[in-house]
Amino acid sequence: MNNTLAQINIFPDGGFKGFGKLGLETAPAMDASVVFTNFISSAIGLVTLIAIIWFVFLVTTGSFAFMTAGGDKQSLETARKKIISGLIGLMVCIFGIFIIRFIGYLIGIPDILNFVSLFSVLTGNNVIN
6 MNNTLAQINI
16 FPDGGFKGFG
26 KLGLETAPAM
36 DASVVFTNFI
46 SSAIGLVTLI
56 AIIWFVFLVT
66 TGSFAFMTAG
76 GDKQSLETAR
86 KKIISGLIGL
96 MVCIFGIFII
106 RFIGYLIGIP
116 DILNFVSLFS
126 VLTGNNVIN
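With our numbering, letter number 103 in the sequence shown gets 108, and the count goes up by one each step, no holes.
Everything labelled a hint here was simulated from the structure, so no lab data went into it.
What follows is a set of in silico ranges between Cβ atoms, one per label pair, in the way DEER data are often shown: (1) Pro115 x Gln79: 47 to 53 Å; (2) Trp59 x Leu111: 28 to 34 Å; (3) Ile112 x Thr73: 48 to 54 Å; (4) Asn119 x Val52: 17 to 23 Å; (5) Leu81 x Leu111: 40 to 46 Å; (6) Ala48 x Gly109: 17 to 23 Å; (7) Asp77 x Ile102: 34 to 40 Å; (8) Gly76 x Phe41: 54 to 60 Å; (9) Ile104 x Phe41: 21 to 27 Å; (10) Val97 x Phe41: 22 to 28 Å; (11) Ile45 x Ile112: 17 to 23 Å; (12) Asp77 x Ile108: 41 to 47 Å.
No residue lacks a Cβ here, since even glycine has one placed at the ideal position from N, Cα and C.
Work out the full structure, taking the sequences as your base and the hints as a guide.
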């Protein structure tokens, strides 16, 4: 039997579903806050990982440029700026957590980085995970 292109089934049997921690195929509707907090936590972890990889890349390339500058003042300055910008970026990433906690303390939400309790406070629900 010859199938024409229009007759080929391109969809999976069960339909398209999410996968991993954020997959919604088994989560009841009332667990939306948990799915949201898992998404936010995963996004923060991914951004932190990218920042660390970028820091290592900048310090490595800056160090290599510093060693191979051969006394050229322009190359030394460029390498120094790379290393310093990598260090500043890493410090911003690390101190960002403390700054967010401090701001949460100032505005009256001391547990601002716990997204489940923050979501519960904002919506008025008493959902504790």
